[in-house]
Amino acid sequence: METLEQKILAHLPEPKMPADLGNRIMARVERSRLRALYLRLALSSAGCVAGFAYLGAEWRALWSAASQLPIFGFLRLAFSDPDIMFANFQEYFLGLIESTPFGLIALGFGLTFCLICAVEFLSAARRARHAPLIIHPVIS
Amino acid sequence: MNHLTDQELIAQARTGNDAAFEVLMRRHLQPIFRFILRLSGDAAVAQDLAQETFIKVWKNLKKFNPAKSFKVWLFTIAKNTTFDWFKKRRALPFSTLEDEEGTSPLENLADQTPLPDELFQKRETHTALTVALNNLQPKARAVVLLHQIEDMTFQEIADALDEPLNTIKSRYLRTIANLRKALFEGLK
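Keeping their order, the protein sequence lines are chains A and B. Mapping to the numbering used here: the first sequence position 98 is 135, numbers consecutive. Mapping to the numbering used here: the second sequence position 174 is 214, numbers consecutive.
Honestly, the hints are just simulated from the structure, not real lab data. One thing to keep in mind: the hints can contain errors.
[Said to hold, decoys possible] No more than 27 Å apart at the CA atoms, straight line, and that leaves these computed lysine-lysine pairs for DSS-like:
| no. | chain 1 | residue 1 | chain 2 | residue 2 |
| --- | --- | --- | --- | --- |
| 1 | B | K108 | A | K53 |
| 2 | B | K209 | B | K102 |
| 3 | B | K209 | B | K179 |
| 4 | A | K53 | B | K103 |
| 5 | B | K102 | A | K53 |
| 6 | B | K179 | A | K53 |
| 7 | B | K111 | B | K128 |
| 8 | B | K209 | B | K99 |
| 9 | B | K111 | B | K99 |
| 10 | B | K96 | B | K111 |
| 11 | B | K127 | B | K111 |
| 12 | B | K179 | B | K128 |
| 13 | B | K96 | B | K128 |
| 14 | B | K127 | A | K53 |
| 15 | B | K128 | B | K108 |
[What the hints assert, rightly or not] Some chain B residues near chain A, calculated using beta-carbon distances under 8 Å:
| no. | residue |
| --- | --- |
| 16 | R67 |
| 17 | H68 |
| 18 | L69 |
| 19 | Q70 |
| 20 | I95 |
| 21 | N174 |
| 22 | F224 |
[Said to hold, decoys possible] Covered stretches of chain B (in silico footprint by chain A; criterion: 3 or more residues with CB under 8 Å from a CB of chain A, positions within the stretch not fixed):
| no. | region |
| --- | --- |
| 23 | 75–84 |
| 24 | 102–115 |
| 25 | 192–201 |
Since the structure is predicted, the reported quantities are computational estimates derived from the model, not experimental observations. Just so it is clear, CB atoms sit at the ideal spot from N, CA and C, and this is done for glycine as well.
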């Protein structure tokens with residue numbers, strides 16, 4: 038048996054929902070997705086530009102520092118006089134660790150990461166822009 | 041994909057599957073739109089708020105705990121979105137039936153006549169009912185709509201509105217009594 042409140046509220050008129058409301062929501066979802074993608078693309082591109090700009094401005098100093106790295110001397114010695122290198126391996130190895138150019142390595146990794154991200158986001162954005170627009174049938 | 045449960049659709053939507061999200065959205069769109077429309081009283085606003093609700097759902101789907109009820113979470117977002125809109129308007133609708141404590145002068149009216157069944161068939165009843173519902177405080181209206189129209193339990197409503205269970209129950213009983221009396225007064 039119906040309760041009083043069921044009787045009262047059962048006679049509320051059912052509101053009419055616009056038929057295209059679902060489509061409008063999905064269109065907004067798509068726009069939000071593209072906006073987020075473009076933002077990530079902009080940030081990773083900015084990282085790439087900043088990294089390459091720094092490399093371009095400081096390439097002589099960086100090249101000079103890189104060519105004087107102990108690792109190259111270590112590798113030359115390993116090929117020319119491997120017995121000397123193995124006899125003093127511990128000293129050479131500790132010296133290598135002390136002189137590791139962490140800044141240069143971080144710059145390299147950061148630049149590579151930004152470049153990969155930028156390429157991925159760019160291709161995702163192009164796929165999203167050119168995806169076929171599917172209009173869903175209006176279900177009455 | 042229409043045969044999948046909400047939980048299965050949510051799991052797929054979380055991986056970026058927009059088709060799964062769309063099925064989930066269309067499944068719940070009508071109840072959410074109906075709830076927001078009856079809460080806000082404005083069809084154009086209800087369309088905007090329904091869109092905002094589902095955009096928030098889409099953005100926060102990864103934060104949703106699958107062990108909890110999706111329906112409760114969804115209606116919580118819809119309720120919060122609508123109440124934020126009320127705040128932006130800088131005017132929570134003042135109920136002509138209740139004061140700030142939620143009590144109503146109509147509570148002291150003795151029942152004069154039981155409401156006959158034929159009364160519910162009349163057009164005047166529908167109008168009076170809509171007016172009486174719109175005159176309720178939003179929180180009271182939300183409780184009644186969620187329980188009677190959306191078939192949510194009092195516990196689910198308490199979770200959605202983030203209020204104690206006993207508060208929800210007493211608000212519901214008071215609101216139904218007020219609605220009945222307002223209907224009676226409106227049809228006199």
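Evaluated hints:
Pair hint K108/B plus K53/A does not hold up; C-alpha atoms about 30 Å apart against a cutoff of 27 Å. For the suggested pair K209/B and K102/B, the alpha carbons sit about 32 Å apart, so the restraint of at most 27 Å is broken. Our distance criterion of 27 Å between C-alpha atoms is met by K209/B and K179/B, whose separation comes to about 12 Å. Between K53/A and K103/B the alpha-carbon distance is near 32 Å, which puts this suggested pair outside the 27 Å criterion.
Pair hint K102/B plus K53/A does not hold up; C-alpha atoms about 31 Å apart against a cutoff of 27 Å. Distance hint between K179/B and K53/A is fulfilled; the C-alpha atoms sit about 23 Å from each other, no more than 27 Å. Taking the CA atoms of K111/B and K128/B, the gap is about 26 Å. The hint holds against a cut of 27 Å. For a cut-off of 27 Å, the pair hint linking K209/B to K99/B is broken: about 33 Å separates their Cα positions.
Taking the CA atoms of K111/B and K99/B, the gap is about 16 Å. The hint holds against a cut of 27 Å. Of the supplied pair hints, the one linking K96/B and K111/B holds, its CA atoms being roughly 14 Å apart against a limit of 27 Å. In summary, the hint linking K127/B to K111/B is supported, as the alpha carbons are separated by about 24 Å, within the 27 Å threshold. A threshold of 27 Å between alpha carbons decides the hint, and for K179/B with K128/B the separation of about 17 Å falls inside it, so the pair holds.
For the given pair, K96/B sits about 18 Å from K128/B by alpha-carbon distance, which is consistent with the 27 Å threshold. For the hint pairing K127/B with K53/A, the CA-to-CA distance comes to about 26 Å; that is within 27 Å, so the pair holds. As the CA atoms of K128/B and K108/B are separated by approximately 30 Å, the hinted pair breaks the 27 Å bound. Below 8 Å, beta-carbon pairs count as interface contacts, and R67/B has none with chain A, the closest being about 10 Å; its hint is therefore violated.
Hint status for H68/B: violated, given a least beta-carbon distance of 11 Å to chain A, over 8 Å. The closest approach between the C-beta of L69/B and any C-beta of chain A is roughly 6 Å, which is under the 8 Å cut-off, so the hint is satisfied. Among the interface hints, the one on Q70/B holds; its C-beta lies about 6 Å from the nearest C-beta in chain A, closer than the 8 Å criterion. Given the 8 Å rule on beta carbons, the hint for I95/B holds: about 6 Å separates it from the nearest Cβ of chain A.
Taking 8 Å as the C-beta cut-off, the interface hint given for N174/B is violated, the closest approach to chain A being about 11 Å. For F224/B, the suggested interface contact is broken, since its CB lies about 11 Å from the closest CB of chain A, more than 8 Å. Counting residues of the region 75–84 of chain B whose C-beta lies closer than 8 Å to any C-beta of chain A gives 3; at least three are required, and the coverage claim holds. Note: the region 102–115 of chain B has 0 residues with beta-carbon separation from chain A under 8 Å; the three-residue rule is not met and the coverage is violated.
Here the region 192–201 of chain B counts 0 residues with a CB under 8 Å from a CB of chain A, which misses the bar of 3, and the coverage is violated.
When each numbered hint is compared with the structure, violations occur for hints 1, 2, 4, 5, 8, 15, 16, 17, 21, 22, 24 and 25.
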